[in-house]
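Colleague: First to last, the sequence lines map onto chains A and B.
Each residue of the first sequence is one higher than the one before, starting from 1 at the first, in the numbering used here.
Each residue of the second sequence is one higher than the one before, starting from 1 at the first, in the numbering used here.
These aren't lab readings, by the way, just hints derived from the structure by calculation.
If you're wondering where the values come from, they're calculated on a predicted model, not measured in any experiment.
Ideal placement from N, C-alpha and C gives every residue a C-beta, glycine not left out.
Please note: incorrect hints may appear among the correct ones.
Unchecked claim - To give an idea of the interface, some chain A residues facing chain B are shown, with a C-beta separation under 10 Å as derived from the structure: (1) Lys36; (2) Lys40; (3) Ser94.
To be verified - In silico PhoX-like links for lysine-lysine, alpha-carbon gap of 25 Å or less: (4) A:Lys41 with B:Lys107; (5) A:Lys9 with B:Lys42; (6) A:Lys19 with B:Lys42; (7) B:Lys42 with A:Lys38; (8) A:Lys36 with A:Lys53; (9) A:Lys18 with A:Lys36; (10) B:Lys107 with A:Lys38; (11) A:Lys9 with A:Lys36; (12) A:Lys19 with B:Lys107; (13) A:Lys19 with A:Lys53; (14) A:Lys22 with A:Lys36; (15) A:Lys9 with A:Lys38; (16) B:Lys69 with B:Lys59; (17) A:Lys22 with B:Lys42; (18) A:Lys36 with B:Lys42; (19) A:Lys19 with A:Lys9; (20) B:Lys69 with A:Lys41; (21) B:Lys79 with A:Lys40; (22) B:Lys42 with B:Lys59; (23) A:Lys9 with A:Lys41; (24) B:Lys68 with B:Lys79; (25) B:Lys107 with A:Lys40; (26) B:Lys69 with B:Lys42; (27) A:Lys53 with A:Lys40; (28) A:Lys41 with B:Lys42; (29) A:Lys9 with A:Lys40; (30) B:Lys79 with B:Lys107; (31) A:Lys18 with A:Lys53; (32) A:Lys19 with A:Lys36.
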Amino acid sequence: DTEVTQTPKHLVMGMTNKKSLKCEQHMGHRAMYWYKQKAKKPPELMFVYSYEKLSINESVPSRFSPECPNSSLLNLHLHALQPEDSALYLCASSQDGVGGGETQYFGPGTRLLVL
Amino acid sequence: EDQVTQSPEALRLQEGESSSLNCSYTVSGLRGLFWYRQDPGKGPEFLFTLYSAGEEKEKERLKATLTKKESFLHITAPKPEDSATYLCAVNGGGGNKLTFGTGTQLKVEL
């Protein structure tokens, strides 16, 4: 099974709201990723967790706050977002994120609209 | 810095009309080249991973090949359900960071 699940599928929030995106995988993977994808653009890496520790932060604004409670779960906490943050947010997982060359499996994404 | 260029940007085929998508890349040391299919509003679906020049992989109507500078995704006798955006990505250097191309939007018509 190569399934990564994400909730919610759609989210509409105001600029003063606080919300969270959730991601779960049961493949035994130890690396999990957050990507942001704008329309007709490729995914852009935001964060990487390897063995529940943040290993890459691609200079993402602090209004995005990742959390990895355990090896199967990944959250992205959102606060004081801007309309330009509206995008498809993708979660992915891979074996352990250490050696390179690992296949990343993506979830279906959360479509976020910031008003 | 790793770079990936995909061509063409868009491709329209008739059902049954075979063609190829190109992915040219520049990396300091290739650890893996990945092909994904993405339908509108959905997450990328994994297709193939290639690791070394000369490697080939097949799945149904799709075949991916790899040289030292580029990869091709060959589509044989496509069907309308093959319509999607096809993304190519490379992992080079340290860690597991992917560099994506901008994709080829394929439309297969009856």
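Colleague: Indicate, hint by hint, whether the structure satisfies it.
Modeller: Right, here's what the structure says about each hint:
| no. | hint | in the structure |
| --- | --- | --- |
| 1 | Lys36 | violated, 12 Å |
| 2 | Lys40 | holds, 8 Å |
| 3 | Ser94 | holds, 6 Å |
| 4 | A:Lys41 with B:Lys107 | holds, 17 Å |
| 5 | A:Lys9 with B:Lys42 | holds, 10 Å |
| 6 | A:Lys19 with B:Lys42 | holds, 21 Å |
| 7 | B:Lys42 with A:Lys38 | holds, 12 Å |
| 8 | A:Lys36 with A:Lys53 | holds, 20 Å |
| 9 | A:Lys18 with A:Lys36 | holds, 18 Å |
| 10 | B:Lys107 with A:Lys38 | holds, 21 Å |
| 11 | A:Lys9 with A:Lys36 | holds, 14 Å |
| 12 | A:Lys19 with B:Lys107 | violated, 37 Å |
| 13 | A:Lys19 with A:Lys53 | holds, 22 Å |
| 14 | A:Lys22 with A:Lys36 | holds, 14 Å |
| 15 | A:Lys9 with A:Lys38 | holds, 16 Å |
| 16 | B:Lys69 with B:Lys59 | holds, 23 Å |
| 17 | A:Lys22 with B:Lys42 | holds, 16 Å |
| 18 | A:Lys36 with B:Lys42 | holds, 12 Å |
| 19 | A:Lys19 with A:Lys9 | holds, 13 Å |
| 20 | B:Lys69 with A:Lys41 | holds, 23 Å |
| 21 | B:Lys79 with A:Lys40 | holds, 23 Å |
| 22 | B:Lys42 with B:Lys59 | holds, 21 Å |
| 23 | A:Lys9 with A:Lys41 | holds, 20 Å |
| 24 | B:Lys68 with B:Lys79 | violated, 30 Å |
| 25 | B:Lys107 with A:Lys40 | holds, 15 Å |
| 26 | B:Lys69 with B:Lys42 | violated, 29 Å |
| 27 | A:Lys53 with A:Lys40 | violated, 31 Å |
| 28 | A:Lys41 with B:Lys42 | holds, 13 Å |
| 29 | A:Lys9 with A:Lys40 | holds, 19 Å |
| 30 | B:Lys79 with B:Lys107 | holds, 9 Å |
| 31 | A:Lys18 with A:Lys53 | holds, 23 Å |
| 32 | A:Lys19 with A:Lys36 | holds, 16 Å |
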